[in-house]
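Engineer: Now for the letters of each chain:
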Amino acid sequence: MKENLLRATNLLLFVMAAMVLASLQTSLWFQIFGYFPGPALWIPCLVYIALFRSTLEAVLFSYVMGVALAAMTTMPEGLLMIVCLALILSTQILKSRIYWTSSSYLMMVSGIAALSFHLFHLIASYIIGDHPLTSPNIMDWLIEALLTPLAAPPLFPIFQWFDKVTNREPPTEASAQVS
Amino acid sequence: MESPRHFVTVNTVYGHKGCGPAMNFFTFDLRKALIILVVVALPLLSINMKRNPGEDPWYQKPFGATVSVIQGGFSSFTSGVRSTTSMYLKLIGIKRENISLQKENEVLRANLGALQELKLENERLSKLLDFKRSTKMVLLAAKVIARDLSLDHVSIRINRGTSHGLKKLQGVITVEGVVGYVWKADSDSAQVVVVNDRSSAIDSIVQRTRARGLVSGKNLSTCRLRYLERADDVAPGDMIVTSGLQGYFPKGFPIGRLTSVRKTDYGISQEAELQPVVNPANLEEVFVVMNSGQEDFNDRYGNSDFGPPLISKTNQPPPAEVAEKVSDKSDDKTLKPATKASEKPSTVPVDSVEIDTNTEATQ
Numbered sequence: 001m002k003e004n005l006l007r008a009t010n011l012l013l014f015v016m017a018a019m020v021l022a023s024l025q026t027s028l029w030f031q032i033f034g035y036f037p038g039p040a041l042w043i044p045c046l047v048y049i050a051l052f053r054s055t056l057e058a059v060l061f062s063y064v065m066g067v068a069l070a071a072m073t074t075m076p077e078g079l080l081m082i083v084c085l086a087l088i089l090s091t092q093i094l095k096s097r098i099y100w101t102s103s104s105y106l107m108m109v110s111g112i113a114a115l116s117f118h119l120f121h122l123i124a125s126y127i128i129g130d131h132p133l134t135s136p137n138i139m140d141w142l143i144e145a146l147l148t149p150l151a152a153p154p155l156f157p158i159f160q161w162f163d164k165v166t167n168r169e170p171p172t173e174a175s176a177q178v179s
Numbered sequence: 180m181e182s183p184r185h186f187v188t189v190n191t192v193y194g195h196k197g198c199g200p201a202m203n204f205f206t207f208d209l210r211k212a213l214i215i216l217v218v219v220a221l222p223l224l225s226i227n228m229k230r231n232p233g234e235d236p237w238y239q240k241p242f243g244a245t246v247s248v249i250q251g252g253f254s255s256f257t258s259g260v261r262s263t264t265s266m267y268l269k270l271i272g273i274k275r276e277n278i279s280l281q282k283e284n285e286v287l288r289a290n291l292g293a294l295q296e297l298k299l300e301n302e303r304l305s306k307l308l309d310f311k312r313s314t315k316m317v318l319l320a321a322k323v324i325a326r327d328l329s330l331d332h333v334s335i336r337i338n339r340g341t342s343h344g345l346k347k348l349q350g351v352i353t354v355e356g357v358v359g360y361v362w363k364a365d366s367d368s369a370q371v372v373v374v375n376d377r378s379s380a381i382d383s384i385v386q387r388t389r390a391r392g393l394v395s396g397k398n399l400s401t402c403r404l405r406y407l408e409r410a411d412d413v414a415p416g417d418m419i420v421t422s423g424l425q426g427y428f429p430k431g432f433p434i435g436r437l438t439s440v441r442k443t444d445y446g447i448s449q450e451a452e453l454q455p456v457v458n459p460a461n462l463e464e465v466f467v468v469m470n471s472g473q474e475d476f477n478d479r480y481g482n483s484d485f486g487p488p489l490i491s492k493t494n495q496p497p498p499a500e501v502a503e504k505v506s507d508k509s510d511d512k513t514l515k516p517a518t519k520a521s522e523k524p525s526t527v528p529v530d531s532v533e534i535d536t537n538t539e540a541t542q
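Taken in sequence, the protein lines are chains A and B. Take 1 as the starting number for the first sequence in the numbering used here and just add one per residue. Take 180 as the starting number for the second sequence in the numbering used here and just add one per residue.
Hints listed in this document are in silico derivations from the structure and should not be mistaken for laboratory results. Any given hint could turn out to be false.
[Unchecked claim] To list a few chain A residues with every Cβ distance to chain B over 12 Å, as calculated:
1. Ser27
2. Leu94
3. Ser104
4. Gln160
[As the list claims (entries may be wrong)] EDC-like mimics (lysine to aspartate or glutamate), calculated; alpha carbons at most 16 Å apart, straight line:
5. B:Lys315 x B:Glu464
6. B:Lys430 x B:Asp365
7. B:Lys397 x A:Glu77
8. B:Lys322 x B:Asp365
9. B:Lys363 x A:Glu77
10. B:Lys298 x B:Glu464
[Unchecked claim] Distance ranges between label pairs, derived from CB positions:
11. A:Trp161 x B:Thr443: 53 to 63 Å
12. A:Ser54 x B:Lys298: 51 to 61 Å
13. B:Arg389 x A:Pro154: 38 to 48 Å
14. A:Leu89 x B:Asp475: 17 to 27 Å
15. A:Ile93 x B:Val317: 48 to 58 Å
16. B:Asp365 x A:Ile123: 22 to 32 Å
Since this is a predicted model, take the numbers as computed values, not measurements. Beta carbons: idealized from backbone N, C-alpha and C, even for Gly.
Work the whole structure out from these sequences, hints included.
Structural biologist: Structural data, given as structure tokens:
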């Protein structure tokens, strides 16, 4: 019972963190830098869950994230959930191929995920969306993908702390492991 | 031959000049005595000589010159030292003064920046107030607080929600033209889908020919006008305005200006691209149309001093040949009020306005 409560608290903490980070990205960055593309701050949160949780937990988290983040965009909820799901699964596939537990890995995967998010969105908008993305802003995507990894190192210890306070074993720094 | 020595010998016990352990007092050299006499007499002579007032004697001149050179040198040296010392002391003061002036300058610059920002805000709010006063519409002013999470969507969040009477699909405008409409309304904020978003759809008409179409977004700077009939007369430079049929917007309110028209070899419609008059990147304050009040802006363009400018300052004007083409047509008067409105000075104090985008803006 207590374990489930802690697990739910952990999930809630990560959802709250993702929402705070997304708000920072859409509001604070916007107030300062206007429409200049900024880092997708919520992506490291999603990537962390994809890397250090079971597939089932990660999928559940992607759905919750889809619902939570839909409040900040005109992207349809379903589309956002599918894109988050695709991100989670692709991250886990990448993890099964190459993996090392450190903040640099989180940085790398966050950058890839930031770009993948737009690619998945582009594909999904053509397959299931009502309004396909006909004029993608590739330069903005690239800037976002370059800026996002910079947010990962300061976020990594915070996420580790979330795990620690909810009695989860936080990932430790380890040597590279290629499988 | 040795010259005789002139010694006056009073006592010749020793008989030699000045030598011996006890020289006789009365034994002296005459030449020396003369020299002593002259030396002693010279100052006395000098004292008793009659001097011409204002003229130094000849023998003092070289000394005077030498003294003046030496004293001048010392004086220059001391004045140099004094001036260097005082300069150093002053530099310490100047440094302190410089630091304090720099601080003061920074404060003044910050104040100037704040004042300029206030001035611009005052101008913007005055413009909004002028607009609000001159219309029958019921408008609610709101402030833009955030943008869309995704780069591929164009939406904004405003600081007004259902607690302020907002409902889904209410139109959102600025003085320049249409911004979009309310997509989701929460209690204290609302998501507004901007006309540039590809999921937006606004019923519209070509102002010149009254041809109907549907405006939807393409990207941050371009929109599409779809479902135009193939036979419709549309040309680049035409102004696209709201039809007013949905009831969310007033009739004839500017959306954008056509930049290109594409007619395929087959099909029943033609598609055009337009540049919206409102640049979403520059939005700060907007109006939510609570009630359009059957306002028709088509009637107001020609005979009113006030009217939304048809070409936004933030957007580029159409090419010269397009502007000429438009001015030749019957609706060319639509450009006039825009010029007048932009020339009109903003005199309304912000404090007294009903425009309350948030507490900070009005205080």
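Engineer: Of all the hints given earlier, name the ones this structure violates by number, lowest first.
Structural biologist: 1, 5, 6, 7, 13, 14
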